[in-house]
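Chemist: Let the hints inform the model, and build the full structure from the sequences given.
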Amino acid sequence: MPNNLRIGVGWSTHFPRRGVLNQARCRRLRYAYRAPSFVTEEMVADGSELTFLKFDEGLAISELDGTNNALASNVDFFYVASHGTCATPPQYKLILHGGEWPITGADLGVNGPSVATFDTCDLVDLKHARWKAPWETAGAQLRLLLGFASAATVAENSTRRGLEFSQKIIAGDPIAQAWLQAVHHNSYQGTDLGIAIAFGDSDKDVDWVLYDMTLGDLPCPRSTGTPVIAAEVCH
Amino acid sequence: MWEHFEPSLLGDWMARSQHRDAPEAYELRPTSYLREAMLSAKPFSLVGDESRFRWTVGGMHLRLRGLDGWVDSAVTDAVVRLAAELDGRQAIKGEMGLEESGAFLGVRSALGEEYWLHVNDIAPVGPGGRVTYYRSARSLEVAFHARGRSLRGRWRNPRTVAREALAAFGGELISGERLRAAFGYYEAAGYEPQDLMRPVYVVLVDQHSDGENPGWRLASVHAATDLDDTPPTAGIESVTGCA
Numbered sequence: 002m003p004n005n006l007r008i009g010v011g012w013s014t015h016f017p018r019r020g021v022l023n024q025a026r027c028r029r030l031r032y033a034y035r036a037p038s039f040v041t042e043e044m045v046a047d048g049s050e051l052t053f054l055k056f057d058e059g060l061a062i063s064e065l066d067g068t069n070n071a072l073a074s075n076v077d078f079f080y081v082a083s084h085g086t087c088a089t090p091p092q093y094k095l096i097l098h099g100g101e102w103p104i105t106g107a108d109l110g111v112n113g114p115s116v117a118t119f120d121t122c123d124l125v126d127l128k129h130a131r132w133k134a135p136w137e138t139a140g141a142q143l144r145l146l147l148g149f150a151s152a153a154t155v156a157e158n159s160t161r162r163g164l165e166f167s168q169k170i171i172a173g174d175p176i177a178q179a180w181l182q183a184v185h186h187n188s189y190q191g192t193d194l195g196i197a198i199a200f201g202d203s204d205k206d207v208d209w210v211l212y213d214m215t216l217g218d219l220p221c222p223r224s225t226g227t228p229v230i231a232a233e234v235c236h
Numbered sequence: 506m507w508e509h510f511e512p513s514l515l516g517d518w519m520a521r522s523q524h525r526d527a528p529e530a531y532e533l534r535p536t537s538y539l540r541e542a543m544l545s546a547k548p549f550s551l552v553g554d555e556s557r558f559r560w561t562v563g564g565m566h567l568r569l570r571g572l573d574g575w576v577d578s579a580v581t582d583a584v585v586r587l588a589a590e591l592d593g594r595q596a597i598k599g600e601m602g603l604e605e606s607g608a609f610l611g612v613r614s615a616l617g618e619e620y621w622l623h624v625n626d627i628a629p630v631g632p633g634g635r636v637t638y639y640r641s642a643r644s645l646e647v648a649f650h651a652r653g654r655s656l657r658g659r660w661r662n663p664r665t666v667a668r669e670a671l672a673a674f675g676g677e678l679i680s681g682e683r684l685r686a687a688f689g690y691y692e693a694a695g696y697e698p699q700d701l702m703r704p705v706y707v708v709l710v711d712q713h714s715d716g717e718n719p720g721w722r723l724a725s726v727h728a729a730t731d732l733d734d735t736p737p738t739a740g741i742e743s744v745t746g747c748a
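Protein sequence lines, in the order shown, are assigned to chains A and B. Residue numbers for the first sequence follow our numbering, so the first one is 2 and each next one is one higher. Residue numbers for the second sequence follow our numbering, so the first one is 506 and each next one is one higher.
The hints are simulated quantities; they were obtained by calculation from the structure and are not laboratory data. C-beta: ideal position from N, C-alpha, C; glycine also. A few of these clues could be false.
[Unchecked claim] One side of the interface only, derived from the structure: several residues of chain B facing chain A at Cβ under 7 Å:
no. : residue
1   : M506
2   : L610
3   : V612
4   : L616
5   : P632
6   : R643
7   : E646
8   : I679
9   : R683
10  : Y696
11  : E697
12  : D711
13  : P719
14  : W721
15  : S743
16  : V744
[Stated by the list, open to error] For lysine to any residue, the following SDA-like pairs were computed, each having C-alpha atoms within a straight-line distance of at most 20 Å:
no. : chain 1 : residue 1 : chain 2 : residue 2
17  : A       : K205      : B       : S614
18  : A       : K133      : A       : G100
19  : A       : K94       : B       : D715
20  : A       : K128      : B       : R643
21  : A       : K128      : B       : G716
22  : A       : K205      : B       : D715
23  : A       : K94       : B       : R613
24  : A       : K205      : B       : G716
25  : A       : K128      : B       : V612
26  : A       : K205      : B       : R613
Modeler: If you want it as structure tokens, here you go:
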């Protein structure tokens with residue numbers, strides 16, 4: 002059955018910085034466009050509505066963080082590929098062409114999205130005891146946060162994770178498990194630790210999000226209040 | 506599996522890896538070959554519901570959830586046996602690197618067991634060439650190509666390959682960037698077409714997040730041997746670029 006979801010995607014492939022060394026340390030991600038493009042192609046073909054597609058200089062922080070707009074709040078399914086860092090854990094920062102966005106749960110899930118995928122390095126640092134803390138303020142709409150608890154390889158083949166992920170969820174596979182499998186399956190041995198972070202009203206509910214929730218269930222907001230959070234990694 | 510180097514030593518390492526005769530490359534059979542063999546083999550012939558199998562350009566996904574009375578490890582073992590019978594593959598249980606594993610971080614892992622399918626005692630470097638059982642989803646992912654005709658090759662000049670690999674990352678690395686490499690057969694993941702399997706060097710360069718700069722990882726794959734009438738990018742067309 003086609004899924005009639007609103008999706009929003011974005012990516013950054015290059016990162017202007019002052020100075021040659023700073024520029025070199027924030028490497029160009031030539032293939033960052035591939036995973037979100039695969040997702041867009043598959044999801045739109047399946048009947049989802051593309052609410053926004055923005056990249057590089059067109060994907061401004063002010064369009065995401067609420068300054069001018071909060072684009073991710075207007076969609077059910079958000080997928081962005083770029084640099085990311087958890088260098089001052091537990092705070093995650095999405096690094097885009099035009100700047101950095103320190104994200105917490107409060108930035109996501111008030112109206113949307115239900116599923117947010119950060120195809121970047123280091124969404125969380127699992128070695129930090131309070132890695133869940135920034136996400137405890139997530140809005141009720143947010144049920145799944147997908148990303149990496151490590152570096153994320155950006156290469157032609159590894160970015161096929163976007164293709165496998167979207168084909169699996171369209172086929173009806175549970176979303177969290179599809180992400181973990183797509184990351185694991187397209188990575189070299191021992192690299193790329195994919196993570197799925199679920200938000201629920203109870204232990205039972207959060208387990209349902211991790212193991213059973215499919216595209217056909219979206220949107221499915223939880224009750225307001227502090228969520229129960231559970232996570233699983235791909236290996 | 507991964508060896509760490511200073512970039513200037515990459516060519517030396519590649520030269521050392523060429524102490525034996527150059528491994529053969531192989532034409533690969535289409536997935537339909539695996540499909541026919543698998544569907545006629547026990548226990549897969551007993552599944553009874555073909556919608557549980559999802560065939561991709563380079564493998565298969567089998568949903569075991571809801572199949573009561575089945576022992577998942579027995580199904581996994583049956584795939585591994587089939588890979589040995591069909592293609593002489595030796596299955597080695599995967600050992601994930603500790604650097605990027607959830608096992609020591611107190612977070613549940615979706616992964617059950619995983620076997621890497623070696624070819625003539627040479628490990629696949631991935632991402633395919635493996636049978637993966639996902640415990641949480643109760644599903645099996647098979648990324649495996651049966652081999653056809655073999656093609657004898659000659660080692661490429663290791664210095665040339667090393668230069669090519671470093672050029673793929675912009676020519677030189679700067680302080681804080683780490684270079685790793687592995688030698689083995691490149692076998693594609695299940696969603697990636699492949700009709701030739703050849704020995705390669707995979708090179709990874711990464712940087713850990715340092716407070717001011719993000720972490721990242723790039724990968725590049727390079728043919729280890731030359732084949733007659735076949736370009737060095739054959740079989741790895743979709744993986745030779747990185748930056």
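Chemist: Can B/Y696 be said to touch chain A, with a Cβ gap under 7 Å?
Modeler: Interface hint status for B/Y696: holds (5 Å vs cutoff 7 Å).
Chemist: Checking one constraint from the list: CA of A/K205 to CA of B/G716, max 20 Å. Satisfied?
Modeler: violated, 37 Å
Chemist: Is the hinted pair A/K94 and B/R613 satisfied, with a Cα-Cα distance of at most 20 Å?
Modeler: violated, 24 Å
Chemist: Taking 7 Å as the limit, does the beta-carbon of B/M506 come near enough to a beta-carbon in chain A?
Modeler: holds, 5 Å
Chemist: Hint B/V612 vs chain A: min CB-CB distance below 7 Å?
Modeler: holds, 5 Å
Chemist: Given the hinted pair A/K205 and B/R613, is their alpha-carbon gap at most 20 Å?
Modeler: Since the Cα atoms of A/K205 and B/R613 sit roughly 16 Å apart, the hinted pair holds (cutoff 20 Å).
Chemist: Regarding the hint that B/W721 lies at the interface with chain A, is the smallest CB-CB distance below 7 Å?
Modeler: This hint holds: B/W721 lies near chain A, its Cβ roughly 5 Å from the closest one there, short of 7 Å.
Chemist: Quick check on the hint: B/P632 CB to chain A CB, less than 7 Å?
Modeler: Holds, because the Cβ-Cβ distance from B/P632 to chain A comes to roughly 5 Å (cut-off 7 Å).
Chemist: Are A/K205 and B/D715 close enough, with their CA atoms no more than 20 Å apart?
Modeler: violated, 38 Å
Chemist: Given a cut of 7 Å on the nearest C-beta pair, is the interface hint for B/D711 held or broken against chain A?
Modeler: holds, 5 Å
Chemist: Sort out whether A/G100 lies within 20 Å of A/K133, counting only the CA atoms.
Modeler: Roughly 24 Å between the alpha carbons, so the hint for A/K133 and A/G100 is violated.
Chemist: Next item in the hint list is B/R683. Is there a CB on chain A closer than 7 Å to its CB?
Modeler: Cβ of B/R683 sits 10 Å from chain A, so the hint is violated.
Checked against the numbered hints above, the structure violates hints 6, 9, 18, 20, 22, 23 and 24; every other hint is satisfied.
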